[in-house]
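Position chain X relative to chain Y; hints supplied.
Here is how the chains run, residue by residue.
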Amino acid sequence: MEHVSIGEAVDKKVTTDPTTSQNEAPTAKASGDRPTLRRWRRRPAGSPSTEPEPAVTETVPPFDIAPNDPLLAYLQTASGVVDLTHLTLTSPAVTALREAGVVLVVPLVASGELVGMLQLGSRLSERDYSKDDRELLESLARHAAPALRLGQLVRDQEVEARDRERIEQELRVAQLIQQQFLPKQLPDLPTWDISAFYRPARTVGGDFYDFITLPDGRVMVVTGDVTDKGVPAALVMASTHALLRESGPRLRSPSAVLAKVNEMLCEDIPAHMFVTCLVIVLDPPTGKMEFANAGHNLPYVSGEDGTMRELRATGMPLGLMPDVIYEEAAATIAPGERVLLYSDGLTEQHDSTGEMFGFGRTADVAANAPAGDDLTDACIEALSAFTGPDIEQEDDITLVALRRTTGAAHAAEAPTKEPKVDKQSVSFSLPSEPGNERQALTQLEPLLTASWLNTDQRERLNTAVAEATMNAIEHGNHNQPELLVDIKASVETDAVTVMVTDRGAAAHVGQTHPDLDLKLAGLQTPRGWGLFLIENMVDEVDETSDDGHHTVRLAMRRTPSDTNEGGA
Amino acid sequence: MTTYNVAQPASTTLAVVTLSGQIDRDAMEPLTAAYEQATTDNPKTILLDFGDVDYINSTGIALIVGVLGRARAEGRTVQACGLTSHYTHIFEITRLADFISIYPDVDSAVAGATTPEETQL
Numbered sequence: 203m204e205h206v207s208i209g210e211a212v213d214k215k216v217t218t219d220p221t222t223s224q225n226e227a228p229t230a231k232a233s234g235d236r237p238t239l240r241r242w243r244r245r246p247a248g249s250p251s252t253e254p255e256p257a258v259t260e261t262v263p264p265f266d267i268a269p270n271d272p273l274l275a276y277l278q279t280a281s282g283v284v285d286l287t288h289l290t291l292t293s294p295a296v297t298a299l300r301e302a303g304v305v306l307v308v309p310l311v312a313s314g315e316l317v318g319m320l321q322l323g324s325r326l327s328e329r330d331y332s333k334d335d336r337e338l339l340e341s342l343a344r345h346a347a348p349a350l351r352l353g354q355l356v357r358d359q360e361v362e363a364r365d366r367e368r369i370e371q372e373l374r375v376a377q378l379i380q381q382q383f384l385p386k387q388l389p390d391l392p393t394w395d396i397s398a399f400y401r402p403a404r405t406v407g408g409d410f411y412d413f414i415t416l417p418d419g420r421v422m423v424v425t426g427d428v429t430d431k432g433v434p435a436a437l438v439m440a441s442t443h444a445l446l447r448e449s450g451p452r453l454r455s456p457s458a459v460l461a462k463v464n465e466m467l468c469e470d471i472p473a474h475m476f477v478t479c480l481v482i483v484l485d486p487p488t489g490k491m492e493f494a495n496a497g498h499n500l501p502y503v504s505g506e507d508g509t510m511r512e513l514r515a516t517g518m519p520l521g522l523m524p525d526v527i528y529e530e531a532a533a534t535i536a537p538g539e540r541v542l543l544y545s546d547g548l549t550e551q552h553d554s555t556g557e558m559f560g561f562g563r564t565a566d567v568a569a570n571a572p573a574g575d576d577l578t579d580a581c582i583e584a585l586s587a588f589t590g591p592d593i594e595q596e597d598d599i600t601l602v603a604l605r606r607t608t609g610a611a612h613a614a615e616a617p618t619k620e621p622k623v624d625k626q627s628v629s630f631s632l633p634s635e636p637g638n639e640r641q642a643l644t645q646l647e648p649l650l651t652a653s654w655l656n657t658d659q660r661e662r663l664n665t666a667v668a669e670a671t672m673n674a675i676e677h678g679n680h681n682q683p684e685l686l687v688d689i690k691a692s693v694e695t696d697a698v699t700v701m702v703t704d705r706g707a708a709a710h711v712g713q714t715h716p717d718l719d720l721k722l723a724g725l726q727t728p729r730g731w732g733l734f735l736i737e738n739m740v741d742e743v744d745e746t747s748d749d750g751h752h753t754v755r756l757a758m759r760r761t762p763s764d765t766n767e768g769g770a
Numbered sequence: 617m618t619t620y621n622v623a624q625p626a627s628t629t630l631a632v633v634t635l636s637g638q639i640d641r642d643a644m645e646p647l648t649a650a651y652e653q654a655t656t657d658n659p660k661t662i663l664l665d666f667g668d669v670d671y672i673n674s675t676g677i678a679l680i681v682g683v684l685g686r687a688r689a690e691g692r693t694v695q696a697c698g699l700t701s702h703y704t705h706i707f708e709i710t711r712l713a714d715f716i717s718i719y720p721d722v723d724s725a726v727a728g729a730t731t732p733e734e735t736q737l
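From first to last, the protein sequence lines are chains Y and X.
The first sequence begins at 203 in my numbering and counts up by one.
The second sequence begins at 617 in my numbering and counts up by one.
Calculated from the structure, these hints are not laboratory results.
Any given hint could be a false lead.
[What the hints assert, rightly or not] Over the 10 Å line for every Cβ pair with chain X, so calculated as not near, a few chain Y residues:
hint, residue
1, Arg364
2, Gly432
3, Pro633
4, Asp688
5, Leu735
[Unchecked claim] Footprint (simulated), chain Y over chain X, 3 or more residues, beta carbon under 8 Å:
hint, stretch
6, 635-644
7, 648-654
8, 665-675
9, 711-717
Quick caveat, the model's predicted, so the values are computed rather than measured.
For every residue, glycine included, the Cβ atom is placed at its ideal position computed from N, Cα and C.
The following block holds chain X by itself, in its conformation from the complex:
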């Protein structure tokens, strides 16, 4: 099961989508709903927080590609945080990391000053 929560930290143009559970075939609806809710105030950036996600499979990757494609079409950037080293590796080999900046956690992403995490595997 996938659950989500959307928040918008004050004085930012960034919406945080906190995901939990599994990003697989069952995540289609919650992910779409989360995206729609996150974009109601037209933020420039969507931050996907994977901190509580324990499983992402190829269908989940396809859903994330879908979100990324939609965000780019709408002129938004997508960031990610809370990925384990394993899933960071998967973001790298699929080249999602070329389009999605990866941060260790929400705070560093919101601060924006931190450079994206360099994950060596």
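Bound-form chain Y, shown alone:
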């Protein structure tokens, strides 16, 4: 028999598997520029079913072929078997292959892409490879290449799907943890307007804020930011939150609270993480504040005349080192003055040119926002004007604004019997899963029940919010759970407003006016009541689209008759 048996050829073959290196991020978009052939694992020759030849079952450790090695470009276009002994190519890979005893290389090309190669040592019989051998190898390569490529694609997709699923799951968990610890309600302080804004980034950072009422009636206001993101940050945030809640009412002094929390955190916090945290203890009737700061942004205090100061106290972030002593400072907030607490998510947001929003713009907003405006709204408006559309939020944004309202100046400008400007707000985000509109209603319930809305108004607003949220989930975010629906509600003296924001680019109108006669006659789908209900339930509806977000604003107006009609 002159023919080389297939068994012999297979025995001699040293297969290679161009495994994409595991530690390579699967980020390359086009498969064309992916450095596919980074790692060539050389298996021992011979398959389990064939008689192993001790002489050739050498194991050569896998070695890397650099993505720019000339051999790869050569094989990509080579037609058929490449004989290394006659190849004149300055290539480290060729040198390495020759040293490993490889004589022939057969490129495996599928869809124009080099997906692998067969490597063969010299024949067992020590004769040269015949023309038949080469034809056999080429035929084998032609059949193996598409199968190998398919296998690689399937594996890549599986890895990608697993990664995506894990990331989404982690985001959901982090979000759940974080929302669990955000205040469900803002404190109701007679001479203060308080508003808070919280919007998680897609990756969910570790922002938090809290209001803790102390036994002496003062209120501890806390904002903080855990370095890192995701579940680890959320867990550290939860511990910090618990430690603050435990030590706040007991120790009462901001510096003592921070020192205590720092001691406790240092014991357990992962090495690379720390927490910045600001603690203010406010005496609402007098406007006196004591505060201490563990590396958090300095709050701005702005007067109605545009004056501006910072609440300055210094100290190390929590969890970095034990035995830190925190400076404690004091300030008095005059009637009409506003205090703005903010997280890095605001100041460190970039626009499309890479410029940061920065402290300067933040201070400008704090100093110049009209007296009647909510500072948190003003900040967010200024930020979206700065970034422009289609900029992804980089980090969690947390804002807390406190405004002292009473006093001579305020009484003079608003001589009503009701000096208290009752404004409260809540904001939260929900994953876009069908049915989550009921979650929105549950989270709004405390605020709306405590507001001046009567039962009928509240029920109508609830129906509109549910419909707007369903639209946001289904039409805006296309039921993709990782896209959030942001809901922000605020109660003011003359209006209750709910904003529902999705990640859709444009308004999702286009529902025809529903007509029951047409529907019963089968000439219109039974569905399509959403927008109709929204428009009929609330006093005001409008939609805005910018910044890659679409927002529906729903408002109930307070009219003098509201107080008379009550919940009929």
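Quick look at chain X alone, frame taken from chain Y:
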């Protein structure tokens, strides 16, 4: 979750479907099943009792439109009772109330003598 119960008061040609929970996307199957069970004895009238329903959304309205359409095609009338004033209002603005008589409760609907509830909002 939506649950239902079907009953046929003696000496009437009316089947009572007592619904509870939420009338939303998840109510499709229970509502269809309830309708089929209610129509086994071919009643002239289907009474939907919403007394234990705490939430109806636009998808739920669409399902009720579907039930109404099917009943009318089969020559039956549909009545409703136990709606809160809020949902009565929604039945009115959607004009479901033009096709579905609304009663305060099961007894008044069964008695049939009572005029449909006039709800002013």
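Hint check results:
Once the 10 Å rule is applied to beta carbons, Y:Arg364 is consistent with being away from chain X; the minimum gap is 30 Å. Under the 10 Å C-beta cut-off, the non-interface status given to Y:Gly432 relative to chain X holds; the minimum distance is some 31 Å. Every beta carbon of chain X lies more than 10 Å from that of Y:Pro633, the smallest distance being close to 17 Å; the non-interface claim holds. Here Y:Asp688 stays apart from chain X, with its beta-carbon at least about 20 Å from theirs, past the 10 Å limit.
Distance to chain X contradicts Y:Leu735 as a non-interface residue, since its nearest Cβ pair spans about 6 Å, not more than 10 Å. For the stretch 635-644 of chain X, the proposed coverage by chain Y is satisfied: 4 residues have a C-beta within less than 8 Å of a C-beta in that chain, meeting the threshold of three. Only residues whose beta carbon comes within less than 8 Å of a beta carbon in chain Y count, and the stretch 648-654 of chain X has 0; fewer than three means the coverage is violated. Given as covered by chain Y, the stretch 665-675 of chain X passes the check, having 4 residues with a CB less than 8 Å from a CB of that chain where 3 are the minimum.
Only when three residues or more bring their CB closer than 8 Å to a CB of chain Y does the claim for the stretch 711-717 of chain X stand; here the count is 4, and the claim holds.
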